[in-house]
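Peer 1: Given chain A's structure and the hints, the job is docking chain B onto it.
2 protein chains.
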Amino acid sequence: METAEKTYNIDEKDLARLGAVVFEAYGVPREDAEILSLSLAEADIRGIKSHGMVRVPIYIDQFVNGKFSKETKLTVKKETPVSLVLDGNNGPGAVVSARAVMMTRKKAEQSGFAFAAVHGSNHFGTAGYWSEMLAGDDMIGFASTNSIPIVAAPAGTGRGIGSNPFSYTIPANKYASVCLDVSVGVMAQGKIYEYARLGKPLPENAWLGPDGQVTRDPKQWDPMDYVMIPFGMHKGFGLGVVMEMLTSGLAGAEFHRQYQGLNAKMTENSHCFWAMRIDAFTDVKKYRDQVDAYIEYLHSLPVTNPGDKVYYPGEIEAVLKAKYLREGVPVAAKVVEDMLGLAAGASADVSFIKSKYHI
Amino acid sequence: METAEKTYNIDEKDLARLGAVVFEAYGVPREDAEILSLSLAEADIRGIKSHGMVRVPIYIDQFVNGKFSKETKLTVKKETPVSLVLDGNNGPGAVVSARAVMMTRKKAEQSGFAFAAVHGSNHFGTAGYWSEMLAGDDMIGFASTNSIPIVAAPAGTGRGIGSNPFSYTIPANKYASVCLDVSVGVMAQGKIYEYARLGKPLPENAWLGPDGQVTRDPKQWDPMDYVMIPFGMHKGFGLGVVMEMLTSGLAGAEFHRQYQGLNAKMTENSHCFWAMRIDAFTDVKKYRDQVDAYIEYLHSLPVTNPGDKVYYPGEIEAVLKAKYLREGVPVAAKVVEDMLGLAAGASADVSFIKSKYHI
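First to last, the protein sequences are chains A and B.
Mind the numbering: the first sequence is residues 0 to 358 in numbering that gives the first Met the number 0, read in order.
Mind the numbering: the second sequence is residues 0 to 358 in numbering that gives the first Met the number 0, read in order.
Derived from the structure by calculation, the hints contain no laboratory data.
Keep in mind it's a predicted model, so treat the numbers as computed, not measured.
Fair warning: there could be bad hints in the mix.
Pairs involving identical chains hold if they fit within one copy or between any two copies, as the list cannot separate such chains.
[Unchecked claim] Below, in silico cross-link-like pairs of lysine-lysine (DSSO-like), each with a Cα-Cα straight-line distance of 30 angstroms or less:
| no. | residue 1 | residue 2 |
| --- | --- | --- |
| 1 | K284 | K5 |
| 2 | K308 | K190 |
| 3 | K199 | K218 |
| 4 | K105 | K77 |
| 5 | K105 | K5 |
| 6 | K199 | K353 |
| 7 | K69 | K199 |
| 8 | K66 | K322 |
One chain only, chain A, in its complex shape:
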């Protein structure tokens, strides 16, 4: 049994406020600091820690080194009643995305549908956060982004395409929205450490070694040298190719083809967002009732092992969010301390969190 990591259970509002104070202390305008921090807190509250507040020091480093612009002004490069091409001018991905999502939804309200392709951006966090925002309670939302090439092509021996995550959100009535959020690799690089620690063989057809051979041994190579295989081989690979063409392709940006190491700076990220009004097709309430009925159908499916359950896409994250809204978001002590350190380094006042949580 492993030792439990020390965590604080922090109210989501406090967590988001802490991050915002830190970002603002390093020169990010208050509104943008709040947008950026909330996007990270919302990943933590869904249990997606890899995309949560753990990224604050990384982002601060990008601001300090001039990789991200502190001010984020979007430029409209092209616009029609159903389309937008936007330049994020190197703002942080979440701030660029929040603005692009608002513009996309507004246009979809007017036209029934809108699709935005965005270049000049950076890491945007979780795709599901944006597709949920696009969908609201009356639309279908879709978000995708390209990434540095980290996934092998079928038959390929090294990193070929981005993990190019994409997400659909479809609103239900009684239940949390259906929110599918997937990247095209079988599993994230970080999971190799877990398999190595547990002494479990890697799943079949999930990883190549740096020699290009499929391997199931999590200790054969340095974890960062393994190459991700696309999920469903040519199917996941094909989705990755399509997402590249929907993001950088439509945004008129360069696609990513030079793999320069997992920690290399990307020249830029491209995203795409679309939203479509449900009432362009059918009554919104009736549609959302139908989604409820499908969720209940999925829940009614017989399972192989007693105690198991069929979860619909996004359900596990929604269950965690409901729990952490009640109990606070568990955040590793180190993540909190890193933020407090950054705050201290910029003489920012974070006494509100220290006193409330006895840190």
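Peer 2: Then chain B, alone, in the frame of chain A:
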């Protein structure tokens, strides 16, 4: 070594004409008979035999038994500048889809984007055929359909969701279009026969037995009793759920939830189609050049085994189509003979094919 099955190499035009003559002889209006037959010939010419002329006797049976309407009139249930809800009134899926695709493209030409949700239809063949037609050389095309539930949910013990195939087509310049066409199961039911014949174990996590347990033994059960696992587990499953909501959901039809055997009649099929003008975002030629450049990048990726190659989505089918356009489409003798038998049964004149191919 297995005995080669007897085949005829038939010019695609002749193949499509033969099927059309047969459909017309059983009461399908000429134009619709030609649309339906061409959709099947176009599957054969891409090497997708399971969706090719082998289906003619099955379709004739559906016409004769009143499962398909011979006349196909689409009813517009709802329309906005970007959306269409259509009722196929139980026409054959390919005829319904051809009409819906034309309406979708026309609307996209006017509005920049159009999305059609269609109910009251039947099996529409390959999704890729429709997304290619939607895309043409200046748009991005997308097609999907629901199906009877044949794919297990993760943790589920039996058939839960449809295989719900979907397809994106993105036009290139120098190369055949990028055409991703995937269903959400790891592999088709028919492949189990092949594994059993070759004595090869089934891939890991591809099939459940009727007991709900994962199995790799292709001879343990009757091939039709195996249950398909979604590709990438929750990822493919989630895509299947989303496609159900984009097809039957938006079309206002019932989703499919009662599995009544692989050969059971479906109450109806629902599809969706969308097309989006590339020039709403960027110059079409520049975009297609970028797709070419990405294809060339994929082709340049190093491979693990000498002689292997990275194929882009749709490339294998495009290579076959080019070859079969030159050499004729190889069609199993039995498939041709079945069509000739049906023609004879309806006193249709198919002498053009008998004399040319010495049948």
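Peer 1: Which of the listed hints are not met by the structure?
Peer 2: 1, 5, 6, 7, 8
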